[in-house]
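**Student:** Chain by chain, the residues:
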Amino acid sequence: MSKKSFRQAINEALRQEMRRDPRVIVMGEDVAGGHGGTSGTVDAWGGVLGVTKGLLTEFGEDRVLDTPITEASYIGAAAGAAATGLRPVAELMFVDFVGCCLDQIMNQAAKFRYMFGGKARTPLVIRAMFGAGFNAAAQHSQALYPLFTHIPGLKVVVPSSPYEAKGLLIEAIRDDDPVIFLEHKVMYDDEEEVPDEAYTIPFGEANLTREGDDLTIVAFGRMVKLANEAADRLERQGISCTVIDPRTTSPLDTDTILDCVADTGRLVIVDESSPRCNMAADISALVAEYAFDALKGPIRRVMPPHTPVPFASVLENLYLPSVEKIEAAVKAAMGHRVPEIA
Amino acid sequence: MQIARETLLRSYRAMRTIRDFEERLHVEFATGEIPGFVHLYCGEEASGVGVCANLTDQDTIASTHRGHGHCIAKGVEVAGMMAEIYGRRTGVCQGKGGSMHIADLSRGMLGANGIVGGGPPLICGAALSHKTLKDGAVAVAFYGDGASNEGTTLESLNLASVWRLPAVFVLEDNGYGEATGASYACAGSQKARAGGFGMPYLECDGTDFFAVHQAAGEAIAHARAGNGPVMLHVHLARWYGHFEGDAMTYRAAGEVAAARADHDCLTIFRTRVTQAGLLDGTELDDIDSAVRDEIESAVIAAKQAPLPEAADLLADVYVRY
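Chains X and H supply the protein sequences, listed in that same order. Each residue of the first sequence is one higher than the one before, counting from 1 in UniProt numbering. Each residue of the second sequence is one higher than the one before, counting from 1 in UniProt numbering.
To be clear, the hints were calculated from the coordinates, so they are not data collected in a lab. Bear in mind that the values here come from a model prediction, so they are computed numbers and not experimental data. Among the clues, some could well be false.
[Stated by the list, open to error] For lysine-lysine, the following DSS-like pairs were computed, each having C-alpha atoms within a straight-line distance of at most 30 Å:
#: 1; chain 1: X; residue 1: Lys225; chain 2: X; residue 2: Lys53
#: 2; chain 1: X; residue 1: Lys119; chain 2: H; residue 2: Lys134
#: 3; chain 1: X; residue 1: Lys225; chain 2: X; residue 2: Lys296
#: 4; chain 1: X; residue 1: Lys53; chain 2: H; residue 2: Lys134
#: 5; chain 1: X; residue 1: Lys296; chain 2: X; residue 2: Lys331
#: 6; chain 1: X; residue 1: Lys3; chain 2: X; residue 2: Lys225
#: 7; chain 1: X; residue 1: Lys119; chain 2: H; residue 2: Lys303
#: 8; chain 1: X; residue 1: Lys225; chain 2: X; residue 2: Lys325
#: 9; chain 1: X; residue 1: Lys325; chain 2: X; residue 2: Lys296
Produce the complete structure using the sequences and hints provided.
**Tutor:** Written as C-alpha cells, this is what we have:
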C-alpha cells in the first residue's frame with residue numbers, strides 16, 4: 001500500500017494485467033507516444049497525459065500499439081481483436097471523440113453477442129477521459145456516460161478515486177463484455193492509498209462513502225468527492241447524509257439506491273452529464289416508480305444546464321455542479337428555504 | 001496453378017449451394033413468410049467461393065449486408081442459416097440476428113454486417129489477433145464498391161498498412177452502391193487507392209472462379225507470409241436488386257439478362273472443367289441434385305422449426321451482468 005495518483009493507479013492496473021495475461025494489449029493515439037514507429041527502447045509520452053508511460057518499455061511494440069489518428073479503424077480493430085482472441089484496452093483519449101467511432105462501439109462491439117445468438121465474447125475495454133473543469137471547451141469536456149449507458153451490451157464504469165480506478169479497471173480487463181471506462185480528466189493527480197497488489201471491484205455494486213439518516217446523495221465520478229465535501233459541511237449543520245457512489249452506470253446498483261431512499265426518504269442526485277436523459281433522470285424515474293411512498297419530498301438534481309460546455313472559467317464554473325450547489329440542493333430537499341444558486 | 005480435384009468439387013458445390021439458396025430465398029421472400037430485409041448474392045458466387053477456397057477455419061472473414069454467399073463459402077451450415085433467415089430458434093443466431101447478422105465464429109465467420117463499411121475495421125482487429133497470437137492465419141474483409149468510399153474502409157486500409165497486418169481487402173465491385181452507380185460514387189481509381197496506402201493491388205473477373213482463386217491465392221499468400229495487406233478488386237454483376245423488392249428501375253434494359261446469359265459463374269465453371277477433363281458433367285449433375293435436396297430440406301425444416309421463446313428476448317445481451 002502506498003499513496004498513488006489516479007494516473008499511477010490506472011498505469012499499475014494496466015501493467016499488472018498485461019503481466020498476468022499475454023492477450024491483454026494496449027492501443028491508442030500516442031499510448032507509446034512519439035517513438036516514431038521504431039522499436040521498444042524509446043519511451044516518450046505514454047499518451048497525452050502519461051497514463052500508459054513505461055508500458056512500451058516493458059511489453060514492447062507488439063502489445064503497446066500506437067495508432068494513427070483514426071478512431072473508427074482502431075476502435076473497430078479493438079472490437080474485432082476482442083472477438084477473435086485478444087483482450088484489447090483501447091484508449092480513445094477524449095470521450096468526445098466517440099463521434100468518430102460510435103458505430104464500432106454501438107453497432108458492432110455492443111451487439112455481437114446478442115446478434116450472434118450468444119456465441120461471441122468481446123472482452124474489450126475502451127478507456128477515455130471525460131468531464132469539465134479544464135477549460136477544454138465544448139469538444140473536449142463532455143460527460144457522456146449516459147450515452148453509453150443507453151446502449152444494451154455495454155458496461156460503463158465511472159471511477160471516483162485512485163483506489164476505485166485500479167480495482168475497477170482490473171475488473172474491466174478481466175470482464176468478457178465490452179466495457180467503457182471513463183476517467184475524469186481533473187482527477188489524474190488526485191492521490192490516495194492504493195494497494196500495490198492487483199485487486200478487483202465488482203461491477204454493479206455501489207459504494208456507500210458515508211452513511212447518514214436524513215438524506216441520500218447519489219453522485220458519479222468526480223462528483224462523489226464534491227458530494228462528500230458537501231456532506232461534511234451539512235453534517236456540521238445537523239444534516240446527516242448517505243452518499244452513494246454507484247461506480248458503474250451499467251450495470252446500475254438499483255437495490256442500494258432504493259434501499260437508501262427507503263431509509264432516508266429524501267434524494268439528491270449529482271450528475272455532471274447534460275441534464276436531458278442523464279443518470280439523474282434515470283434514477284429519478286427509478287425512485288419515482290419503486291420508492292414513491294418512501295419519499296418525504298421532491299427529488300432534487302444537481303447538474304449542468306442544457307448547454308455545451310463553455311470555455312471561460314467563469315462560465316465553466318457556473319456550468320459545473322459544485323459543493324455549494326449540492327449543499328443548497330440538500331437543504332432544499334430537506335425543506336429549508338434557501339436562495340437558489342445558478 | 002493446378003487446383004486439387006477435391007477443391008474443385010467442393011467449390012462447385014459451394015457456388016451451387018449459394019445460387020440455389022439465394023434463388024429459393026427470392027421465391028420464398030415474395031410469399032411474405034420471411035421477415036425483414038434480404039440482400040441476395042446471386043451472380044457473385046465465384047468471388048466468395050474463389051477467395052474462401054484459399055482459407056481455413058482458422059482464418060477470419062468479415063462480410064457485408066449481402067452476406068449469405070460468404071457464409072456458405074466459409075462453411076457456415078446451410079440449414080442453420082435458412083432457419084435464421086426465417087427467424088427461428090434453431091437458426092445459427094437463434095433467430096436474433098437474421099439475414100444481415102449471420103455469424104459463426106467457430107468457422108472464422110465474424111459476421112455479415114448491416115453497416116456499410118462495418119467490416120474492414122473489425123478485420124484489422126482479427127488480423128491483429130492472428131499476428132499477435134502468431135497462429136499463421138489471415139483475415140479477409142469483403143466489402144462492396146459502396147463501402148469502398150466509407151471512411152472506415154479508408155482508415156482500415158491505412159491502419160492495416162501501418163501495422164503491416166495479415167489482412168486482405170476483397171472489394172466486390174458489382175457496380176452499384178444500393179442504386180447509385182460506382183462510376184458516379186467512386187472517385188479516382190481503386191488501384192490508386194491501394195497504391196496510396198502502400199499495398200499491392202490485384203484485380204480479377206469475379207465471374208470466373210479460376211481467376212478469383214488464383215488472384216486471391218496470391219493475395220492471401222502475400223498476407224500470410226507477413227508481407228502486409230493486399231487489395232483484391234473483384235469485378236462482378238449483381239443479378240437482383242439491392243434488397244428483395246427493389247424493382248431495379250435504375251439499371252439498363254437487358255443488363256441483368258446479359259449477365260445471366262453470358263457471365264454465369266456456374267456455367268463458366270462447368271464449361272471450363274468439363275472441357276479440360278478435370279471433372280465429369282455427371283459429377284456436377286450429382287452435386288446439383290444433392291444441393292437441390294439440401295435446400296429443399298432446409299426450407300421445410302426452417303418453416304417447421306420452433307420460434308424463439310419469450311425468455312430468449314433477455315438472454316445473451318452480456319456474458320454476465
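**Student:** Give a verdict on every hint.
**Tutor:** Right, here's what the structure says about each hint:
| no. | hint | result |
| --- | --- | --- |
| 1 | X/Lys225 to X/Lys53 | holds (27 Å) |
| 2 | X/Lys119 to H/Lys134 | holds (24 Å) |
| 3 | X/Lys225 to X/Lys296 | holds (26 Å) |
| 4 | X/Lys53 to H/Lys134 | holds (26 Å) |
| 5 | X/Lys296 to X/Lys331 | holds (13 Å) |
| 6 | X/Lys3 to X/Lys225 | holds (17 Å) |
| 7 | X/Lys119 to H/Lys303 | holds (23 Å) |
| 8 | X/Lys225 to X/Lys325 | holds (14 Å) |
| 9 | X/Lys325 to X/Lys296 | holds (21 Å) |
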